[in-house]
Amino acid sequence: MEGNFITTKFNYILGWARKFSLFHYPFVTACCGMEYMSAACAHFDLDRFGAGWTRFSPRQSDMMLVVGTISHKLAPVLRTVYDQMTEPKFVIAFGTCTVSGGIYDNYAVVQGIDKIIPVDVYLPGCPPRPETVLDALIKLQEKIQNQEQDWKWKKRKS
Amino acid sequence: MEEKKVISELKEKFTDRIKETTSDFGDDTVTIDRDFLAELVQFLKQKPYEYTMLLDITCVDYLGREPRFEMVYHLLSLSAKHRLRIKVPLSEKNLSIESMSSIWKNANWLEREVYDMFGVRFYGHPDLRRLFMYDGFEGFPLRKDYPLRKSQPRIKLRK
Ligand code: SF4
Chain E
1 MEGNFITTKF
11 NYILGWARKF
21 SLFHYPFVTA
31 CCGMEYMSAA
41 CAHFDLDRFG
51 AGWTRFSPRQ
61 SDMMLVVGTI
71 SHKLAPVLRT
81 VYDQMTEPKF
91 VIAFGTCTVS
101 GGIYDNYAVV
111 QGIDKIIPVD
121 VYLPGCPPRP
131 ETVLDALIKL
141 QEKIQNQEQD
151 WKWKKRKS
Chain X
1 MEEKKVISEL
11 KEKFTDRIKE
21 TTSDFGDDTV
31 TIDRDFLAEL
41 VQFLKQKPYE
51 YTMLLDITCV
61 DYLGREPRFE
71 MVYHLLSLSA
81 KHRLRIKVPL
91 SEKNLSIESM
101 SSIWKNANWL
111 EREVYDMFGV
121 RFYGHPDLRR
131 LFMYDGFEGF
141 PLRKDYPLRK
151 SQPRIKLRK
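Protein chains in written order, with the working numbering: chain E, 1 to 158; chain X, 1 to 159.
Hints were generated in silico from the structure; no laboratory data involved. Note that CB positions come from ideal geometry on N, CA and C, so glycine has one too. Treat the hints with care, as some may be off.
[What the hints assert, rightly or not] Pairwise CB distance ranges, derived in the manner of DEER restraints: (1) E:103 - X:64: 19 to 29 Å; (2) E:147 - X:146: 35 to 45 Å; (3) E:103 - X:56: 22 to 32 Å; (4) E:48 - X:64: 42 to 52 Å.
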């Protein structure tokens, strides 16, 4: 046979396609938002990793960045936005506040957003530096590449 | 510390209705009874004092002291460039005070905040609802006897 074709695994190529076409939805509530903006703009540039497209509709996004303090008042909103995203969907907990409640150990703040929605990558730091954000994104890409791709659109348990 | 002119004038004019005055570190403070608040504030708002700006209304919970609560009003005179603080002690049994929202518009939301956090009732207030916390929140979170880490989630939490 003449050359001109390659062989690969369907699982692998689907993972490759997914990890480089993450549309993200920024759920920005507090000071970490500044670092998110800096990471998303030209200096650090999430777009180099295929995650440059910000969609402000949960319907069109695959990756939710939960950026900033989530209070109990806001918890139902976060849950609704997450439920509105279509599969496959991924969540990065951006900043100590979303990972564990951070410095706000009090009556108002949710002690970690994994009490509300499932989280794929935890990104600590108050606020995390943009390099850390890129690191988290690469970790998520590794996870997407190596996971079992559910291309039959199974319902994920949450 | 040198006593500011406005404090000595107030003491002269209202004598024993001014319960206490202090000027620690340049913070001029008068302590009064709650019945006198509206009258004093109206008086201060006129010339020559012109304390026309209400900077903040807040409350302090001195748990274990009687009276337990103390309302604090911060006023600013733009013409005299001077800040004045008015304190009004309130006992827990009768935790209410006249609303200042007819005198200053911004008192409306400031008083809603104090009601939300401390449970002080303001009579004469047009719309006394919680400002920060949600419907169904029980208790007043900035009171000293509210448990430090007690949260009241609106949705069922995972795990
Ligand atoms: S983790 Fe720090 S920087 Fe980020 S939202 Fe919380 S307090 Fe702000």
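Quick rundown of the hints versus the structure:
1. A beta carbon spacing of about 28 Å between residue 103 of chain E and residue 64 of chain X agrees with the range 19 to 29 Å that was offered as a hint.
2. For the pair residue 147 of chain E and residue 146 of chain X, the supplied restraint of 35 to 45 Å holds, since their beta-carbon distance comes to about 44 Å.
3. One distance hint, 22 to 32 Å for the beta-carbon pair residue 103 of chain E and residue 56 of chain X, holds here, with the actual separation near 24 Å.
4. One distance hint, 42 to 52 Å for the beta-carbon pair residue 48 of chain E and residue 64 of chain X, is violated here, with the actual separation near 59 Å.
When the structure is compared with the earlier hints, a violation turns up for hint 4 alone.
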